[in-house]
Every structure is written in C-alpha cells, then in structure tokens.
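Asker: If you read the protein sequences in the order shown, they are chains A and B.
Sequential numbering from 67 applies to the first sequence in the working numbering.
Sequential numbering from 184 applies to the second sequence in the working numbering.
Treat each hint with caution, since some may be false.
Stated by the list, open to error - Pairwise CB distance ranges, derived in the manner of DEER restraints:
no., chain 1, residue 1, chain 2, residue 2, range
1, B, N239, A, T148, 41 to 51 Å
2, B, M193, A, F105, 44 to 54 Å
3, B, E199, A, N117, 38 to 48 Å
4, A, Q126, B, P223, 25 to 35 Å
5, A, T148, B, M193, 39 to 49 Å
6, A, A138, B, P296, 44 to 54 Å
7, A, Q126, B, E198, 37 to 47 Å
8, B, A246, A, L134, 41 to 51 Å
Read the hints as simulated data drawn from the structure, not as lab findings.
Ideal Cβ placement from N, Cα and C applies to all residues, glycine included.
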Amino acid sequence: GAVVSQHPSRVICKSGTSVKIECRSLDFQATTMFWYRQFPKQSLMLMATSNEGSKATYEQGVEKDKFLINHASLTLSTLTVTSAHPEDSSFYICSAEGLGQSTDTQYFGPGTRLTVL
Amino acid sequence: DAKTTQPNSMESNEEEPVHLPCNHSTISGTDYIHWYRQLPSQGPEYVIHGLTSNVNNRMASLAIAEDRKSSTLILHRATLRDAAVYYCILRGLKGTNAGKSTFGDGTTLTVKP
Numbered sequence: 067g068a069v070v071s072q073h074p075s076r077v078i079c080k081s082g083t084s085v086k087i088e089c090r091s092l093d094f095q096a097t098t099m100f101w102y103r104q105f106p107k108q109s110l111m112l113m114a115t116s117n118e119g120s121k122a123t124y125e126q127g128v129e130k131d132k133f134l135i136n137h138a139s140l141t142l143s144t145l146t147v148t149s150a151h152p153e154d155s156s157f158y159i160c161s162a163e164g165l166g167q168s169t170d171t172q173y174f175g176p177g178t179r180l181t182v183l
Numbered sequence: 184d185a186k187t188t189q190p191n192s193m194e195s196n197e198e199e200p201v202h203l204p205c206n207h208s209t210i211s212g213t214d215y216i217h218w219y220r221q222l223p224s225q226g227p228e229y230v231i232h233g234l235t236s237n238v239n240n241r242m243a244s245l246a247i248a249e250d251r252k253s254s255t256l257i258l259h260r261a262t263l264r265d266a267a268v269y270y271c272i273l274r275g276l277k278g279t280n281a282g283k284s285t286f287g288d289g290t291t292l293t294v295k296p
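Turn these sequences into a full structure, and let the hints steer you where they fit.
Answerer: Put into structure tokens, the structure is as follows:
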C-alpha cells in the first residue's frame, strides 16, 4: 500500500515556458500533500503544503505566483512552474498523507527532474 | 522548527549492524521522530517512526532515549542496498508547524562489501 506517483519523471523545457508536474496517491486518499525541491548534493526543501479543496500554504521565500499548486481532488495535486528559468532546474518531489494511512507518515513520490534550458 | 543533528557520513561493513544517531534536543512533547532514506535520484522512502517507545519493523529498529533528546536508527544487518542518505525528522502535530517535515542534511551511509 501507500504508493505515490509523479508524472513526468523527467522534463526538459525551454526558458520561459510553463511546466506542470502531477502527484497522485494511488491507493489512498491524500488529505494533505507536500511539495519539495532538492538541488544536487543538498537536502529536501519544503516549498508548500496543500490540502484538498483549499489554497496551498507556501514556505517563506517561495513565490506562490511562480509555483502554482492545485489540490483539486483527494488523489491529485499539481505543481506548475510558470515561466521557468534555468535556476528553476531541480528535482521536485511530492509527498502525501491522509485517509486510510498513518496520519503520522508521509509517503513520497519518485520525484521529477526538471531541466530548463 | 525543531532541528535534528546527524553525522554527515558513516561507513559499515556488509552484514554488520549499523547504528545511525540523531540528536534532537529541542524536541517538543508532541513531535514524532521519523526516519526516511533516499537513494540517488529517488524520492525518500519511509523507514520507521516513533514517539516515546522503541519501535521495530521489518526494515529497522528505532531506539529513543528516555528524555527523547536523541534517537538511534538500527539496521540489524546492513546490505549493499542499504547504502543511502538517512534523514531523521521531527514531525509536529500541533501549532504552525503541524505536519511539516523539516529535512536536515542527513547521514550518508556507505556499506562496504
């Protein structure tokens, strides 16, 4: 149980374009999903927390207009990187917790590697 | 946020036990201690978590100090597949940081054959 998927696993785009990353909880309903960013050789940095049906809560320093998060259903959250630039190139990871699982445990997706040229 | 401190790296021989320490001296009464591990280019994998009592599962054991200011993840017989970055994280249940996981730098475990 407790599988979280992300799509795409890898994306390369041109500077100025927008990229959407999907995060799905496959076998449970996720009341809360988290989005992280990880640069090479660094730890995970929490970007935002999203609860189903409400606006996401962004961490300090994360631009909400640049990183649009939508959590429209209990199994899907999306992160859209708008007008991406090379400095946005990173490994983006989502996690989920919620109904039917331990409320203390997050389950992570496999990550999405974004490269902006 | 309550912080955790871990050694940057540790080495182990295959099939020997490994004890990965974590200090969390500012832990609050409602913070759970979680351990995750991450292989290169993958998302973190849940290992174990606990509150006060020691915990065992098929992957590892978690020993929590009586004052809860430190904990130790125990891999009973390290295998090459256990080589990863191990993160010790505190997750709060109350307040503005409720549910959040703050990742430190973790411990890079190398397992030698």
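Asker: Look at each hint and say if it fits the structure.
Answerer: Verification of the hints:
no., hint, verdict
1, B:N239 - A:T148: 41 to 51 Å, "holds, 46 Å"
2, B:M193 - A:F105: 44 to 54 Å, "violated, 23 Å"
3, B:E199 - A:N117: 38 to 48 Å, "holds, 44 Å"
4, A:Q126 - B:P223: 25 to 35 Å, "holds, 29 Å"
5, A:T148 - B:M193: 39 to 49 Å, "holds, 41 Å"
6, A:A138 - B:P296: 44 to 54 Å, "holds, 48 Å"
7, A:Q126 - B:E198: 37 to 47 Å, "holds, 45 Å"
8, B:A246 - A:L134: 41 to 51 Å, "holds, 43 Å"
Violation of the numbered hints given earlier is confined to hint 2; every other hint is satisfied by the structure.
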